[in-house]
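Protein chains: 2
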Amino acid sequence: MAEEKLTPRSEDFSEWYNQLVLKADLADYAPVRGCMVVKPYGWALWENCMAALDKRFKETGHVNAAFPMLIPMSFFEKEKEHVEGFSPELAVVTHGGGEKLEEPLVVRPTSETIIGYMYSKWIKSWRDLPVLINQWGSVMRWELRTKLFLRTAEFYWQEGHTAHATKEEAVEEMYRMLDTYYDFAVNEAAVPVFKGTKSDTERFAGAQITTSIEGMMQDKKALQSATSHYFGTNFAKAFEIQFVNQNNTLQLCETTSWGLSTRMIGAIIMTHGDDQGLVLPPRLAPIQAVIVPIFKTDAEKSKVMEVADRIFKELKAAGIRIKMDDRDNVSSGFKFNDWEMRGVPVRIEVGPKDVEKGTVALARRDKPGREGKSFVPQVGLDYAVSGLLVDIQASLLKRATEFRDANIHEPKDYEDLKNIVKDSWAFSYWCESRECEAKVKEDTKATTRNIPFDQPDKEGTCIVCGKPSKRKVYFAKAY
Amino acid sequence: MAEEKLTPRSEDFSEWYNQLVLKADLADYAPVRGCMVVKPYGWALWENCMAALDKRFKETGHVNAAFPMLIPMSFFEKEKEHVEGFSPELAVVTHGGGEKLEEPLVVRPTSETIIGYMYSKWIKSWRDLPVLINQWGSVMRWELRTKLFLRTAEFYWQEGHTAHATKEEAVEEMYRMLDTYYDFAVNEAAVPVFKGTKSDTERFAGAQITTSIEGMMQDKKALQSATSHYFGTNFAKAFEIQFVNQNNTLQLCETTSWGLSTRMIGAIIMTHGDDQGLVLPPRLAPIQAVIVPIFKTDAEKSKVMEVADRIFKELKAAGIRIKMDDRDNVSSGFKFNDWEMRGVPVRIEVGPKDVEKGTVALARRDKPGREGKSFVPQVGLDYAVSGLLVDIQASLLKRATEFRDANIHEPKDYEDLKNIVKDSWAFSYWCESRECEAKVKEDTKATTRNIPFDQPDKEGTCIVCGKPSKRKVYFAKAY
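Which chain is which? The protein sequence lines are Y and Z, in order. Be aware that the first sequence starts at 2, since it is given in this note's numbering, and climbs by one per residue. Be aware that the second sequence starts at 2, since it is given in this note's numbering, and climbs by one per residue.
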């Protein structure tokens, strides 16, 4: 319930976010350190994300499966970088059925190891390849500083794990799934993101190449929103994932993994939300339009409800996710604030005058006040609302893209970069050395986000050390 | 791959089951004691179960959410029966992020406690009720003797948890969800089940009433396939789940929970499977029909594939889950066996003669050999296959119901009961005392399955002690 106003974004963005997540009824803090409860409204949003992604995964030939949530500790030790990366974050089961276990089990922080183990059993011949499996579930990483949806000990995600005969195919798969994430982020979540390669220091533990999509939040911090990794034969070696090729020779598989999590909900909140609350992209909104009937007398009520009920049925039949707010214990003003807080894209008001005139009032969430309000005939309302939803979806993406592009600058020199990353992103040549990357981080707290695939033809010079550099990178403070 | 035949059911039912699960590619043993990997084909079957159930849950006003997989150990100690029931089965996390935890965390074996804790925070007024939340996920119970799908340490399920203002509403909810399970089992899985109340000794730990659906497998053992519980105020007291009622008085909620798991896949296997493998009900089958093109020469191939491809498109457009088996490295006979092992309801054969005649051969999985084979025109094949799928669905349910009813007997006396439960179910009056129940279990290994809601008008006498008894119960050996 939206009794109190949010702290404005301009005053304290982090506090605005924390309040919004609770007030919009998306999630709550769990009585387990660092964990969250995803409430029904938040989960409905995630279900829509899952459906949109799952459809894309299946269209590209992937199937789902389920692997155990507990993994023997020894599995982690088989890939050196992997264990180094994850061992500080593990939750460990030491007792089962009242007895101490011979070997401790880890609550999965990610499943490369156990899936790799199974692939080594399943894959025998080139005819078994590629193996293209995805898993929906949750994983556990013992995080010290947590924030709902952005960083919690347990979080919900999907993890795809694939095995291929050749490097070419595996790298192609990595890019295909990154493109899938990009398509989802841009066209479903209306979150404009950049695709690119992570630097060596920002790579996933055990990967040869890590690619990511990165979005700019309204506080101009970057949010890594999904990653897609190419492992080469690292995990294949560690778990003996091998196959007999067409020349009858035993050969190691090339593997990938790729994941997108409930972090995306954080991206949606911080890309589109305003001081009135959540603003949801229509394609993912659990409720796309809410009807608020307005009346004072019983006579008015019966006339208004007749129209409101008819509209409800028509819009539902048209496939619009519609909600009727017929609560009798709160005012219309309260309802308006409540649905604004929850980010419902369209509000439909029906009052006694609307009944007389054969109209309704439509209020679009993305444009507050008079600007976003229109009065339209009841006849053909399904078309009007569907059209409005399409328009809102496009407007959100346009606004976020303009905001992002207005806040990326190309620094003239290192001093300029230091100024830019205080409150925006810098895009500049970098020599790709760990030293220069570390210097920027130390001086500014900004990190390299990713190196986009599209690069200028000519070379430049590193913004830090001045050495010749082939590619530009985004520098920004990040979540 | 179905290279070898299954051990026949008549020879060793348990071994038949174990082999079938692996050979039909449903699941595999995990490298973690007692855990399973659900393979893509098995998971696709479970996805269809989930979709059919989730639709029913939402239609009855339920919403989904997600609660943490780890639960503080102390939560279990708040409800006495609950902790006694579950403490021998717990997997315990003692370390996180490299340090020993102050309080151990339990990998959830079920979520009444943590959900109860959250409900106590969320529920304030009668206006907040009922709360009708479901969760899809997995739980962990440290089982010593495991069997894929039937009993594993980790298993996949849904657990619904609801809170109500009155006992009447909560009990009604318990029955509503049991009816939902019944509807799903009978009309989607074609598994005929009995609805009824569990005995006091078979109740869920912490419940006041437990109801179940129970199916008869082909070895005539019973399989409890889903349960729905009424808790009274037990958990509300333990977790202070209370609300201010319409008279402005603080009152405890009445709660329920209900769950159905991947065990249902075991029920499907053991109800319908035969010595050739799995037999899937068409409504849940991941692949409803498979096309096997048959040819020898290249000239034949091009003619046959043209028809096969056209049929594939037509059936897909008609909404049939269709698969083309165009593998070129195995024989048609191998393919027939392979899809029979996987339980695909309909096989469509297209050969050179079919192309000439404008026909195809349809083979139904539930009736092997000539009896199940028909030759139908290619024109209108979508209708023919859709009709056949409906017929197969009905036939499976009819066959299973007849088998079940032929294997339930009403014992004349206790000696007769002892004979009956050796290889079938007994249905008889029982005084509902723990003593008589325990005696039957000791003498025969059979347990009370459930007490059906529909009972004869007149009373009878207990089959064990001869005392007057109001209700009849099913006795059977069970999984």
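Don't read these hints as lab results, they were simulated from the structure. Beta carbons: idealized from backbone N, C-alpha and C, even for Gly. Any given hint might turn out to be false.
To be verified - Under 7 Å between C-beta atoms, here's a sample of chain Z residues computed to sit facing chain Y: (1) V33; (2) V38; (3) V39; (4) K40; (5) A66; (6) G97; (7) Y118; (8) M119; (9) W158; (10) G388; (11) L389; (12) D392; (13) C463; (14) G467.
Each hint, compared with the structure:
no., hint, result
1, V33, "5 Å, holds"
2, V38, "5 Å, holds"
3, V39, "4 Å, holds"
4, K40, "6 Å, holds"
5, A66, "5 Å, holds"
6, G97, "5 Å, holds"
7, Y118, "6 Å, holds"
8, M119, "6 Å, holds"
9, W158, "12 Å, violated"
10, G388, "27 Å, violated"
11, L389, "26 Å, violated"
12, D392, "29 Å, violated"
13, C463, "37 Å, violated"
14, G467, "41 Å, violated"
When each numbered hint is compared with the structure, violations occur for hints 9, 10, 11, 12, 13, 14.
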